[in-house]
Amino acid sequence: MITPKIQSNHNPFRHRTVSSTTITRYWALGTSDDPGGGEVKSRMTTSRSLLVCVLCCCFLALEAFSIRDLIKGAKRTGAINEPMPCPTWHPFQCPNGDCVPIKYLCDGSADCGDGFDENPQMCTAATRPPVEETASFLKALIQAHGDDFFVKLFGPKAKSKLSGMGGVDQVAVALSQSPTAEAFGSEMKLTEDELMKMMSVMDAITSGAGGSTDLSANESADFRFFAQKLRETGFF
8 MITPKIQSNH NPFRHRTVSS TTITRYWALG TSDDPGGGEV KSRMTTSRSL
58 LVCVLCCCFL ALEAFSIRDL IKGAKRTGAI NEPMPCPTWH PFQCPNGDCV
108 PIKYLCDGSA DCGDGFDENP QMCTAATRPP VEETASFLKA LIQAHGDDFF
158 VKLFGPKAKS KLSGMGGVDQ VAVALSQSPT AEAFGSEMKL TEDELMKMMS
208 VMDAITSGAG GSTDLSANES ADFRFFAQKL RETGFF
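Everything in the sequence shown is counted per the working numbering, starting at 8 for the first residue and increasing by one.
Read the hints as simulated data drawn from the structure, not as lab findings. A virtual CB, placed ideally from N, CA and C, is assigned to each residue, including glycine. Please note that a few of the clues may not be correct.
Just the calculated beta-carbon pair ranges, DEER-fashion [stated by the list, open to error]: (1) 103 to 232: 34 to 44 Å; (2) 241 to 94: 46 to 56 Å; (3) 154 to 215: 43 to 53 Å; (4) 94 to 199: 43 to 53 Å; (5) 96 to 187: 29 to 39 Å; (6) 121 to 167: 17 to 27 Å; (7) 167 to 139: 14 to 24 Å; (8) 120 to 167: 12 to 22 Å; (9) 189 to 139: 38 to 48 Å; (10) 239 to 114: 16 to 26 Å; (11) 215 to 134: 39 to 49 Å; (12) 189 to 138: 15 to 25 Å; (13) 108 to 199: 38 to 48 Å; (14) 190 to 121: 44 to 54 Å.
In silico DMTMM-like pairs for lysine to aspartate or glutamate, Cα to Cα no more than 25 Å straight-line [unchecked claim]: (15) 146 to 189; (16) 204 to 229; (17) 159 to 140; (18) 110 to 226; (19) 166 to 121; (20) 146 to 239; (21) 204 to 194; (22) 166 to 139; (23) 236 to 226; (24) 168 to 229; (25) 159 to 125; (26) 196 to 155; (27) 236 to 210.
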């Protein structure tokens, strides 16, 4: 039998397929020349990746909100120029995006770039019962004394649960935000006579002379607390 000779340049792995798994393991475990070298390279690559991620995050944060803005509570905008939530130490957000501490609201000095923190209606509402409570109070009076109860206070427009004045919710908003009775009368389109009657009735209720009005003693007593709040906040 003739045994074929193997050429010296013959590569026994010439026709073998080396899988990607083998290559991966080769780099992970290192080579005979550098045992463990692949593991070191892998760790170095991971560390570099983490460093790049941290630097990118810092850059984006500074791009969206500078240190100057952080200190002064100025306007904050995101990547698509939309207002971002204000920080807890400057929680009030102005319509233009500025952030202002609560203690600076309605202090007589504008801190919002557009002056919104000194808006008369907002500042008036801050001193009065919340709109929701006012609406609930008005509804309770109607339920207790009838759908036309407020005609005795506001005039004919107040018939049928204040429907002629825009409804209970609209009147509640106006009572909460109107700095004065005159401003309320203008918004509700009351005549001069209706406005004078309203102020006269409220004055009588708060002074204890409710008997001089069209309201009964019980009706005056039920409305007295709210009328006193309006007087204390400069409504009349």
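Hint by hint, here is what the structure shows:
1. 103 to 232: 34 to 44 Å: Hint holds: Cβ distance 38 Å, inside 34 to 44 Å.
2. 241 to 94: 46 to 56 Å: Since residue 241 and residue 94 have Cβ atoms about 34 Å apart, the given range 46 to 56 Å is violated.
3. 154 to 215: 43 to 53 Å: 28 Å, violated
4. 94 to 199: 43 to 53 Å: Given a distance of about 49 Å, which is inside 43 to 53 Å, the answer is holds.
5. 96 to 187: 29 to 39 Å: The hinted range 29 to 39 Å holds for residue 96 and residue 187, with Cβ atoms some 35 Å apart.
6. 121 to 167: 17 to 27 Å: At roughly 39 Å between Cβ atoms, residue 167 and residue 121 fall outside 17 to 27 Å, so the hint is violated.
7. 167 to 139: 14 to 24 Å: Taking Cβ atoms as reference, residue 167 and residue 139 lie about 22 Å apart, which means the hint holds.
8. 120 to 167: 12 to 22 Å: Check failed, 44 Å falls outside 12 to 22 Å.
9. 189 to 139: 38 to 48 Å: 25 Å, violated
10. 239 to 114: 16 to 26 Å: Since the Cβ atoms of residue 239 and residue 114 sit about 19 Å apart, the hinted range of 16 to 26 Å holds.
11. 215 to 134: 39 to 49 Å: For residue 134 against residue 215, whose Cβ atoms are near 24 Å apart, the range 39 to 49 Å is violated.
12. 189 to 138: 15 to 25 Å: With a Cβ separation near 20 Å, residue 189 and residue 138 satisfy 15 to 25 Å, so the hint holds.
13. 108 to 199: 38 to 48 Å: The hinted range 38 to 48 Å holds for residue 108 and residue 199, with Cβ atoms some 42 Å apart.
14. 190 to 121: 44 to 54 Å: 21 Å, violated
15. 146 to 189: Distance of about 23 Å is within 25 Å: holds.
16. 204 to 229: Status holds; Cα separation ~19 Å.
17. 159 to 140: Status holds; Cα separation ~22 Å.
18. 110 to 226: 38 Å, violated
19. 166 to 121: Distance of about 40 Å is beyond 25 Å: violated.
20. 146 to 239: 23 Å, holds
21. 204 to 194: Answer holds: residue 204 to residue 194 is near 16 Å, not above 25 Å.
22. 166 to 139: With Cα atoms ~21 Å apart, residue 166 and residue 139 stay inside 25 Å; holds.
23. 236 to 226: 17 Å, holds
24. 168 to 229: Roughly 17 Å separates the two Cα atoms, so the pair holds.
25. 159 to 125: 34 Å, violated
26. 196 to 155: Within the cut-off at roughly 18 Å; holds.
27. 236 to 210: 12 Å, holds
In this structure, the earlier hints numbered 2, 3, 6, 8, 9, 11, 14, 18, 19 and 25 are contradicted, and the remaining ones agree with it.
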